[in-house]
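2 protein chains.
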Amino acid sequence: MPEKRYLVTPGPTPVPPEVLAATAAPMIHHRSPDFRGTLERVTERLQRVFRTENDIVHLTSAGTGAMESVFQNLCSPGDPVLVVSHGFFGERFAAQAEVYGCKLTHLRYGWGESPSPDEVGAQLDEIEGVKIVFLTHSDTSTGVVSDIQGIAERISGSDALVVVDAISSLAAVPLETDAWGLDVVITSSHKALMSPPGLAFVSVSEAAFQASRSATSPRYYFDWERARATQEKGENPFSPAISLFLGVDVALGMILEEGLEAAFERHVRLGRAARAGVKAMGLELFSPDEDRSAVVTAIKMPEGIDGGSIVLSMRERSGVTIIGGQGELRGKIVRFGHIGYIDVFDVTTALAALELAMVGAGADIERSAAVTAALEAYAEPVSV
Amino acid sequence: MPEKRYLVTPGPTPVPPEVLAATAAPMIHHRSPDFRGTLERVTERLQRVFRTENDIVHLTSAGTGAMESVFQNLCSPGDPVLVVSHGFFGERFAAQAEVYGCKLTHLRYGWGESPSPDEVGAQLDEIEGVKIVFLTHSDTSTGVVSDIQGIAERISGSDALVVVDAISSLAAVPLETDAWGLDVVITSSHKALMSPPGLAFVSVSEAAFQASRSATSPRYYFDWERARATQEKGENPFSPAISLFLGVDVALGMILEEGLEAAFERHVRLGRAARAGVKAMGLELFSPDEDRSAVVTAIKMPEGIDGGSIVLSMRERSGVTIIGGQGELRGKIVRFGHIGYIDVFDVTTALAALELAMVGAGADIERSAAVTAALEAYAEPVSV
Numbered sequence: 001m002p003e004k005r006y007l008v009t010p011g012p013t014p015v016p017p018e019v020l021a022a023t024a025a026p027m028i029h030h031r032s033p034d035f036r037g038t039l040e041r042v043t044e045r046l047q048r049v050f051r052t053e054n055d056i057v058h059l060t061s062a063g064t065g066a067m068e069s070v071f072q073n074l075c076s077p078g079d080p081v082l083v084v085s086h087g088f089f090g091e092r093f094a095a096q097a098e099v100y101g102c103k104l105t106h107l108r109y110g111w112g113e114s115p116s117p118d119e120v121g122a123q124l125d126e127i128e129g130v131k132i133v134f135l136t137h138s139d140t141s142t143g144v145v146s147d148i149q150g151i152a153e154r155i156s157g158s159d160a161l162v163v164v165d166a167i168s169s170l171a172a173v174p175l176e177t178d179a180w181g182l183d184v185v186i187t188s189s190h191k192a193l194m195s196p197p198g199l200a201f202v203s204v205s206e207a208a209f210q211a212s213r214s215a216t217s218p219r220y221y222f223d224w225e226r227a228r229a230t231q232e233k234g235e236n237p238f239s240p241a242i243s244l245f246l247g248v249d250v251a252l253g254m255i256l257e258e259g260l261e262a263a264f265e266r267h268v269r270l271g272r273a274a275r276a277g278v279k280a281m282g283l284e285l286f287s288p289d290e291d292r293s294a295v296v297t298a299i300k301m302p303e304g305i306d307g308g309s310i311v312l313s314m315r316e317r318s319g320v321t322i323i324g325g326q327g328e329l330r331g332k333i334v335r336f337g338h339i340g341y342i343d344v345f346d347v348t349t350a351l352a353a354l355e356l357a358m359v360g361a362g363a364d365i366e367r368s369a370a371v372t373a374a375l376e377a378y379a380e381p382v383s384v
Numbered sequence: 385m386p387e388k389r390y391l392v393t394p395g396p397t398p399v400p401p402e403v404l405a406a407t408a409a410p411m412i413h414h415r416s417p418d419f420r421g422t423l424e425r426v427t428e429r430l431q432r433v434f435r436t437e438n439d440i441v442h443l444t445s446a447g448t449g450a451m452e453s454v455f456q457n458l459c460s461p462g463d464p465v466l467v468v469s470h471g472f473f474g475e476r477f478a479a480q481a482e483v484y485g486c487k488l489t490h491l492r493y494g495w496g497e498s499p500s501p502d503e504v505g506a507q508l509d510e511i512e513g514v515k516i517v518f519l520t521h522s523d524t525s526t527g528v529v530s531d532i533q534g535i536a537e538r539i540s541g542s543d544a545l546v547v548v549d550a551i552s553s554l555a556a557v558p559l560e561t562d563a564w565g566l567d568v569v570i571t572s573s574h575k576a577l578m579s580p581p582g583l584a585f586v587s588v589s590e591a592a593f594q595a596s597r598s599a600t601s602p603r604y605y606f607d608w609e610r611a612r613a614t615q616e617k618g619e620n621p622f623s624p625a626i627s628l629f630l631g632v633d634v635a636l637g638m639i640l641e642e643g644l645e646a647a648f649e650r651h652v653r654l655g656r657a658a659r660a661g662v663k664a665m666g667l668e669l670f671s672p673d674e675d676r677s678a679v680v681t682a683i684k685m686p687e688g689i690d691g692g693s694i695v696l697s698m699r700e701r702s703g704v705t706i707i708g709g710q711g712e713l714r715g716k717i718v719r720f721g722h723i724g725y726i727d728v729f730d731v732t733t734a735l736a737a738l739e740l741a742m743v744g745a746g747a748d749i750e751r752s753a754a755v756t757a758a759l760e761a762y763a764e765p766v767s768v
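Chains as they are written, first to last, in the numbering used here: chain A, 1 to 384; chain B, 385 to 768.
These aren't lab readings, by the way, just hints derived from the structure by calculation. Be aware that one or more of the hints could be misleading.
[To be verified] Residues of chain B clear of chain A, computed beta-carbon distances all greater than 10 Å:
#, residue
1, Pro417
2, Thr422
3, Glu452
4, Gln615
5, Ser627
6, Leu644
7, Glu649
8, Pro672
9, Arg699
10, Arg701
11, Gly715
12, Ser767
[As the list claims (entries may be wrong)] Computed cross-link-like contacts, DSS-like style, restricted to lysine-lysine with a CA-CA straight-line distance of at most 25 Å:
#, chain 1, residue 1, chain 2, residue 2
13, B, Lys515, B, Lys487
14, A, Lys332, B, Lys617
15, A, Lys279, A, Lys300
16, B, Lys663, B, Lys716
17, A, Lys233, B, Lys716
In this text the structure is predicted, and so the values were computed from the model without any measurement. Backbone N, C-alpha and C fix where the C-beta goes; we use that ideal spot for every residue, glycine too.
Can you build the whole structure from these sequences, using the hints too?
So, in structure tokens, the structure goes:
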């Protein structure tokens, strides 16, 4: 038998067979009634998942393209912006701000720290005329899920537009676009929306559309206004990833059928299960040991154990794909993703394979405890 | 039975079942040995299809994103560029040149005209210091396939970089990236590469990479140098459309197994079949009646017949999707695409359904002649 594969990463995430089947349907034309229904249904379903009445712009790109689209549509060179980062992906916003010539203030938290609403507010108060605040909801590089509600509340008196990278958090942990006053929220198809990568979605407030009219950065493919105008006619401005839309449509239907609250609760229990298993094995968590940290569990490697070799050994010995650390955390941590089409047995599979790999690497760990601890933690009811 | 669908458009094009099945495989991680083989094989196969030893940059986007990537990577505001257009898509290059602040000279041919190598050369000779010449190989809005070889030869003495939009032509009609000295050639997945839309590929010469180092337009997601550096390590810089890569890999295998020469010959015969059928029906061609016009056949609507209503009637009555005119040609023409996974019976299906629709619209056409004429034209051998 060819080796069976298990994917326990935060993006791509496993795709349900119903979604895969939908993506393999015979090709249809994107400017035709065959596709229009899908496009309109995806938009309407996304609005329910984003919890917004704002327009949702569709982009055929990775999430990073959607992040860049914010600078293209909202910024002119010299615009003061505040980027709050707490990991690899927040720092990407800062790098993009430099590329687009923004006057960048970078409130840079250490990787693994959670931004404090008061500190963000105080920082914003100090700077003259900030046009945009960039926040990361879940930074998968560390497992930290930040308190967007708290930050948004603290800065709600400011004129700045609030932009949130919810790429790995949307549909996994609670996010209220309208109720929290978030102008721009970004997500992509291959995280908790449990579809293949290739599509990104951006919720854009009227204030943000207004601001885009005076922004001078060059833009064409990622132009939000053009996208909105074309979507209003039931089309996309350029050839969209048609087959991925067919998949996302089915995935969104499944998510809404489960119900967002039920999905949030499941993700809390999955996070608890992963953390309980890791601790029962005698390993230390890098990601916060809190319910909000329901996207990624990051595990510190003991002294002398290289995370990269653990990832490799899990893959080669067990067919289980997890990921190691990025940037400054390379080698020091390994990470499980548990968003989207994930049940507790995916978490226990990852724990069991991790146990094998750690033993193989000569680590001093507790055996036979992790899986049961995870199952027990998962069984505990929660309310979100 | 739900109405059966037939897709006879130049993008998206029909996708072979083997390719669809490949896109529906369980998700794998893009930074893992599971994917690395696919990525490397796709690159190597693309080089054979592009006929180049240059690097091929992968982008998860529509072809328009790849077109914009040329301006981002090669242009600084004020750079003199020459855009040669002969339809909707060539004019898109001109629009993007304006967005990126280039000093644009636009040699604009009428829609349906073919650019003359001598005129392009003379125009280029007249302008001081042109940095880039933008050419469209096949403009699907008109069906014209331009003489890129002739133009490239005529301008080969210039220092300008040569950029070719081969989005709908690559793998359908001959294009020699290296032999013709083309610095940048763009294509996308959903034309003659017979895969779903969502991926674009850009072949980039060393001279173009060199020029990119001094170009100041902002870029991040579409940065070629970052893409090349990451691809050299067997990865993409950002999450690629993994499932579409799995499909393109299979499609490229099928194309190379047929052989590029055989594919070119088949496309010539498909074009001849479409034109023979149209003429036998007593309709006039809008696209040139020449073998090179092997991508799209554009058909003039007789006085009083609206192309849009013919497209609608073909779809509603027969389940056959073709497309109408774009821009200034809206209503005046209809178009068949015959690239990629197309056999002569797709062409005869479109002709038969067109015949029904024209009769339904009260047009005075020749009945019972088109299909046979197409089959006979297809049967004639050709050499390319």
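Hint check results:
For Pro417(B), the shortest C-beta to C-beta distance to chain A comes to about 7 Å, within the 10 Å cut-off, and the non-interface label is violated. The claim that Thr422(B) lies off the interface holds: its Cβ sits roughly 14 Å from the closest Cβ of chain A, which is beyond the 10 Å cut-off. Glu452(B), annotated as away from the interface, has a beta carbon of chain A within 10 Å; the closest lies near 5 Å. Separation of Gln615(B) from chain A is adequate, the least Cβ-Cβ distance of about 15 Å exceeding the 10 Å criterion.
Under the 10 Å C-beta cut-off, the non-interface status given to Ser627(B) relative to chain A is violated; the minimum distance is some 4 Å. With 10 Å as the threshold on Cβ separation, the claim that Leu644(B) sits away from chain A holds: the shortest Cβ distance comes to roughly 23 Å. Distance check for Glu649(B) against chain A: the nearest CB is about 24 Å away, which clears 10 Å, and the non-interface claim stands. No Cβ of chain A approaches the Cβ of Pro672(B) within 10 Å, the least distance being about 25 Å, so the stated non-interface status holds.
A beta-carbon of chain A is positioned within 10 Å of the beta-carbon of Arg699(B); the least distance is around 7 Å. Every beta carbon of chain A lies more than 10 Å from that of Arg701(B), the smallest distance being close to 14 Å; the non-interface claim holds. The non-interface label for Gly715(B) is consistent with chain A: the shortest C-beta to C-beta separation is roughly 15 Å, beyond 10 Å. No Cβ of chain A comes within 10 Å of the Cβ of Ser767(B); the nearest lies about 31 Å off, and the non-interface call holds.
Restraint check for Lys515(B) and Lys487(B): satisfied, since their Cα atoms lie roughly 10 Å apart, inside the 25 Å limit. Our distance criterion of 25 Å between C-alpha atoms is met by Lys332(A) and Lys617(B), whose separation comes to about 21 Å. For the proposed pair Lys279(A) and Lys300(A), the alpha carbon gap of about 11 Å is at most 25 Å, so the pair holds. With a C-alpha separation of about 17 Å, the suggested pairing of Lys663(B) with Lys716(B) holds against the 25 Å cut-off.
The suggested pairing of Lys233(A) with Lys716(B) holds, with an alpha-carbon distance near 21 Å, which does not exceed 25 Å.
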